[in-house]
Amino acid sequence: MGVALMDQKWIYGSEPQQIYASIIEGRPNGMPSFRGKIPDYQVWQIAAYVRSLSGLANQWTANARDDHLKSAPPPNSVPAGTPHNSSLPQPQ
Amino acid sequence: MQSALSPAAAEAAHIYHLWRVFLCVMVAIYVLVAIVLFIAILRNRNRATDETGMELIAEPKQASERRATHVVSTLVIVTVLILFALLIADFFTGNAIYATPDPNALSIKITGHQWWWEVEYQDPQPSEVMTTANEIHVPVGKPVKLELQSTDVIHSFWVPNINGKKDLVPGHPTTTWFTGNRAGEFRGQCAEYCGEQHAHMRMVFVAQSRDAFGDWLKAQKKSAAEPRTESQRRGREVFLAAQCVMCHTIQGTNARARLGPDLTHIGSRIMIGAGEFPNTRGYLAGWISNASALKPGARMPPNQLSSDDLNALLDYLESLK
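For the record, the sequence lines run as chains A and B.
So in this note's numbering, the last spot in the first sequence is 92, and the numbers never skip.
So in this note's numbering, the last spot in the second sequence is 321, and the numbers never skip.
Okay, chain A solo, but in the shape it has when bound (with noise of 0.2 angstroms):
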């Protein structure tokens, strides 16, 4: 089995862009590479919930579920492409 996530030991680093390195490009002893296979957006995601696994999750950040009745549109409404830091031209 994978390595715990919970807890506080990171053998390839806890910031955002190291993990998000480790889904991408898969790791020595049985992770595998997800790239192509999974949406760049997505990734992002995956590696703010493993941070929050282990308590790293910046305390300012809204709540998945808020109280309004809908509150940000689908996820996978965000147009196909570029993270929104990215200095690459955006889709339209």
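It is worth saying that the hints were derived from the structure and are not from the lab.
For every residue, glycine included, the Cβ atom is placed at its ideal position computed from N, Cα and C.
It is possible that part of the hints are untrue.
[What the hints assert, rightly or not] Interface residues of chain A toward chain B, partial, derived using beta-carbon atoms under 10 angstroms:
{"id": "1", "residue": "30"}
{"id": "2", "residue": "34"}
{"id": "3", "residue": "36"}
{"id": "4", "residue": "37"}
{"id": "5", "residue": "38"}
{"id": "6", "residue": "40"}
{"id": "7", "residue": "42"}
{"id": "8", "residue": "44"}
[As the list claims (entries may be wrong)] Subject to a maximum C-alpha distance of 25 angstroms in a straight line, what follows is the list of computed SDA-like cross-link-like pairs (lysine to any residue):
{"id": "9", "chain 1": "B", "residue 1": "165", "chain 2": "B", "residue 2": "176"}
{"id": "10", "chain 1": "B", "residue 1": "61", "chain 2": "B", "residue 2": "84"}
{"id": "11", "chain 1": "A", "residue 1": "37", "chain 2": "B", "residue 2": "309"}
{"id": "12", "chain 1": "B", "residue 1": "218", "chain 2": "B", "residue 2": "280"}
{"id": "13", "chain 1": "B", "residue 1": "321", "chain 2": "B", "residue 2": "276"}
{"id": "14", "chain 1": "B", "residue 1": "166", "chain 2": "B", "residue 2": "305"}
{"id": "15", "chain 1": "A", "residue 1": "37", "chain 2": "B", "residue 2": "118"}
{"id": "16", "chain 1": "A", "residue 1": "37", "chain 2": "B", "residue 2": "42"}
{"id": "17", "chain 1": "A", "residue 1": "37", "chain 2": "B", "residue 2": "231"}
{"id": "18", "chain 1": "A", "residue 1": "37", "chain 2": "B", "residue 2": "140"}
{"id": "19", "chain 1": "A", "residue 1": "37", "chain 2": "B", "residue 2": "216"}
{"id": "20", "chain 1": "B", "residue 1": "166", "chain 2": "B", "residue 2": "282"}
{"id": "21", "chain 1": "A", "residue 1": "37", "chain 2": "B", "residue 2": "114"}
{"id": "22", "chain 1": "A", "residue 1": "37", "chain 2": "B", "residue 2": "80"}
{"id": "23", "chain 1": "A", "residue 1": "37", "chain 2": "B", "residue 2": "246"}
{"id": "24", "chain 1": "B", "residue 1": "321", "chain 2": "B", "residue 2": "107"}
{"id": "25", "chain 1": "B", "residue 1": "165", "chain 2": "B", "residue 2": "18"}
{"id": "26", "chain 1": "A", "residue 1": "37", "chain 2": "B", "residue 2": "259"}
{"id": "27", "chain 1": "A", "residue 1": "37", "chain 2": "B", "residue 2": "304"}
{"id": "28", "chain 1": "A", "residue 1": "37", "chain 2": "B", "residue 2": "165"}
{"id": "29", "chain 1": "A", "residue 1": "37", "chain 2": "B", "residue 2": "137"}
{"id": "30", "chain 1": "A", "residue 1": "37", "chain 2": "B", "residue 2": "256"}
{"id": "31", "chain 1": "A", "residue 1": "37", "chain 2": "B", "residue 2": "296"}
{"id": "32", "chain 1": "A", "residue 1": "37", "chain 2": "B", "residue 2": "311"}
{"id": "33", "chain 1": "A", "residue 1": "37", "chain 2": "B", "residue 2": "234"}
{"id": "34", "chain 1": "A", "residue 1": "37", "chain 2": "B", "residue 2": "308"}
{"id": "35", "chain 1": "B", "residue 1": "109", "chain 2": "B", "residue 2": "120"}
{"id": "36", "chain 1": "B", "residue 1": "218", "chain 2": "B", "residue 2": "252"}
{"id": "37", "chain 1": "A", "residue 1": "37", "chain 2": "B", "residue 2": "245"}
{"id": "38", "chain 1": "A", "residue 1": "37", "chain 2": "B", "residue 2": "289"}
{"id": "39", "chain 1": "B", "residue 1": "109", "chain 2": "B", "residue 2": "137"}
{"id": "40", "chain 1": "B", "residue 1": "321", "chain 2": "B", "residue 2": "216"}
Using the hints, position chain B against chain A.
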């Protein structure tokens, strides 16, 4: 066209007859009540007035009061009797719909997902079980048993031409039966609010002759067609290398995920997107590129493919008849 007033199965016919009984009785009562109301309005227009112009209110005569009491009490009793008669008619209809048919019925298991229908044709032999999505074919004249369950939230199975609604409750399998009695292509839809795309969770329902159904089922049980052209071969490689394998099954390849609909015979389907869009190359391309643009909130993520890859993939999927 979906219509509960155009029955294509014995069960829908029972419901339709009950509806007609109710309609006739209610229309007759409505007309009678309207007539009585108008008579009452028109009858007492010229009342006697005194010097100041105020209406003189006469003491009601005993005879007419007694008559009025008799009429009203008779009508109350008649109303109760009519309601009881309608209740009995309703009971007989319900009995006819839920009567257990023969144990050799064609058995189909339908699993509701957000927002598509997983359809599994049962068979005593596990290798003969066939899985498809959003499209149901049945032979005319043969009883069909639908086993309904859900993986996430409550849905409701409703093909108006066939039968009434039956809920798909997670953790609580239910059953409904019907026997189609005429061939045709009908539409069904989800009848219990299940989230953002509840209104667009439809299905195609085809009743056909026994022979046509047998041919269809045999074709659907086969594994996916092997690619014949270079483009189709490339399309299959694209399918296996990109995000598709994470969610979809194509029998005969390595793709065996069960998160999304089974695509083994996607080329043979009449509609895509759970009965929403015609299965044409353009719609399929749009659906693959960004399903959320066509159906906001759909669980399928966008796919950024080069146009050559996308064209090859479309060639391959269209060949999966």
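So, going through the hints one by one against the coordinates:
Below 10 angstroms, beta-carbon pairs count as interface contacts, and residue 30 (chain A) has none with chain B, the closest being about 18 angstroms; its hint is therefore violated. At its closest, the beta carbon of residue 34 (chain A) sits 9 angstroms from a beta carbon of chain B; the interface hint therefore holds under the 10 angstroms criterion. At a threshold of 10 angstroms, the smallest CB-CB gap from residue 36 (chain A) to chain B is about 6 angstroms, leaving the interface hint in force. The closest approach between the C-beta of residue 37 (chain A) and any C-beta of chain B is roughly 5 angstroms, which is under the 10 angstroms cut-off, so the hint is satisfied.
Satisfaction of the interface hint for residue 38 (chain A) is found here, the shortest Cβ-Cβ separation to chain B being roughly 7 angstroms, below the 10 angstroms cut-off. Residue-level restraint check for residue 40 (chain A) holds (minimum Cβ-Cβ distance to chain B is 9 angstroms; threshold 10 angstroms). Given hint, residue 42 (chain A) at the interface with chain B, holds; its Cβ is 6 angstroms from that chain's nearest Cβ, closer than 10 angstroms. Among the interface hints, the one on residue 44 (chain A) is violated; its C-beta lies about 13 angstroms from the nearest C-beta in chain B, farther than the 10 angstroms criterion.
Straight-line distance between C-alpha atoms of residue 165 (chain B) and residue 176 (chain B) comes to about 9 angstroms, which keeps the hinted pair within the 25 angstroms bound. The suggested pairing of residue 61 (chain B) with residue 84 (chain B) is violated, with an alpha-carbon distance near 35 angstroms, which exceeds 25 angstroms. Of the pairs offered as hints, the one joining residue 37 (chain A) and residue 309 (chain B) holds, with about 15 angstroms between alpha carbons and a cut-off of 25 angstroms not exceeded. Only pairs whose Cα atoms come within 25 angstroms are accepted, and residue 218 (chain B) paired with residue 280 (chain B) is accepted, the gap being roughly 24 angstroms.
Straight-line distance between C-alpha atoms of residue 321 (chain B) and residue 276 (chain B) comes to about 19 angstroms, which keeps the hinted pair within the 25 angstroms bound. The straight-line distance between the Cα atoms of residue 166 (chain B) and residue 305 (chain B) is roughly 40 angstroms, outside the 25 angstroms bound, and the hint therefore fails. A distance of roughly 23 angstroms separates the Cα atoms of residue 37 (chain A) and residue 118 (chain B); the hinted pair therefore holds under the 25 angstroms criterion. A distance of roughly 78 angstroms separates the Cα atoms of residue 37 (chain A) and residue 42 (chain B); the hinted pair therefore is violated under the 25 angstroms criterion.
The suggested pairing of residue 37 (chain A) with residue 231 (chain B) holds, with an alpha-carbon distance near 22 angstroms, which does not exceed 25 angstroms. Taking the CA atoms of residue 37 (chain A) and residue 140 (chain B), the gap is near 43 angstroms; set against the 25 angstroms cutoff, the hint is violated. Of the supplied pair hints, the one linking residue 37 (chain A) and residue 216 (chain B) is violated, its CA atoms being roughly 33 angstroms apart against a limit of 25 angstroms. Under the criterion of a C-alpha separation no larger than 25 angstroms, the hint pairing residue 166 (chain B) with residue 282 (chain B) is inconsistent with the structure, at around 34 angstroms.
At most 25 angstroms may separate the alpha-carbon atoms for a hinted pair to count; residue 37 (chain A) and residue 114 (chain B) meet this at roughly 22 angstroms. Taking the CA atoms of residue 37 (chain A) and residue 80 (chain B), the gap is near 66 angstroms; set against the 25 angstroms cutoff, the hint is violated. Taking the CA atoms of residue 37 (chain A) and residue 246 (chain B), the gap is about 7 angstroms. The hint holds against a cut of 25 angstroms. Of the supplied pair hints, the one linking residue 321 (chain B) and residue 107 (chain B) holds, its CA atoms being roughly 23 angstroms apart against a limit of 25 angstroms.
A C-alpha spacing of about 16 angstroms is found between residue 165 (chain B) and residue 18 (chain B), which places the hinted pair at or below 25 angstroms, so the restraint holds. With a C-alpha separation of about 14 angstroms, the suggested pair residue 37 (chain A) and residue 259 (chain B) falls inside the 25 angstroms cut-off, and the hint holds. Taking the CA atoms of residue 37 (chain A) and residue 304 (chain B), the gap is about 11 angstroms. The hint holds against a cut of 25 angstroms. Restraint check for residue 37 (chain A) and residue 165 (chain B): the C-alpha separation of about 38 angstroms exceeds 25 angstroms, so the hint is violated.
As the CA atoms of residue 37 (chain A) and residue 137 (chain B) are separated by approximately 33 angstroms, the hinted pair breaks the 25 angstroms bound. Between residue 37 (chain A) and residue 256 (chain B) the alpha-carbon distance is near 14 angstroms, which keeps this suggested pair within the 25 angstroms criterion. For the suggested pair residue 37 (chain A) and residue 296 (chain B), the alpha carbons sit about 21 angstroms apart, so the restraint of at most 25 angstroms is met. Between residue 37 (chain A) and residue 311 (chain B) the alpha-carbon distance is near 19 angstroms, which keeps this suggested pair within the 25 angstroms criterion.
Restraint check: the Cα-Cα separation between residue 37 (chain A) and residue 234 (chain B) comes to about 17 angstroms, which is no more than 25 angstroms; the hinted pair holds. Distance restraint check for residue 37 (chain A) and residue 308 (chain B): the Cα-Cα separation of roughly 19 angstroms lies within the 25 angstroms cut-off, and the hinted pair is therefore satisfied. About 5 angstroms separates the Cα atoms of residue 109 (chain B) and residue 120 (chain B), which keeps this hinted pair within 25 angstroms; it holds. Our distance criterion of 25 angstroms between C-alpha atoms is met by residue 218 (chain B) and residue 252 (chain B), whose separation comes to about 16 angstroms.
Taking the CA atoms of residue 37 (chain A) and residue 245 (chain B), the gap is about 8 angstroms. The hint holds against a cut of 25 angstroms. For the hint linking residue 37 (chain A) to residue 289 (chain B), the alpha-carbon distance of about 14 angstroms falls within 25 angstroms, and the restraint holds. Note on residue 109 (chain B) and residue 137 (chain B): the hinted pairing holds, with a Cα-Cα distance of about 13 angstroms set against a maximum of 25 angstroms. Between residue 321 (chain B) and residue 216 (chain B), the direct Cα distance comes to roughly 10 angstroms. Compliance with the 25 angstroms bound is thereby established for this hinted pair.
Comparing the model with each numbered hint stated earlier shows that hints 1, 8, 10, 14, 16, 18, 19, 20, 22, 28 and 29 do not hold.
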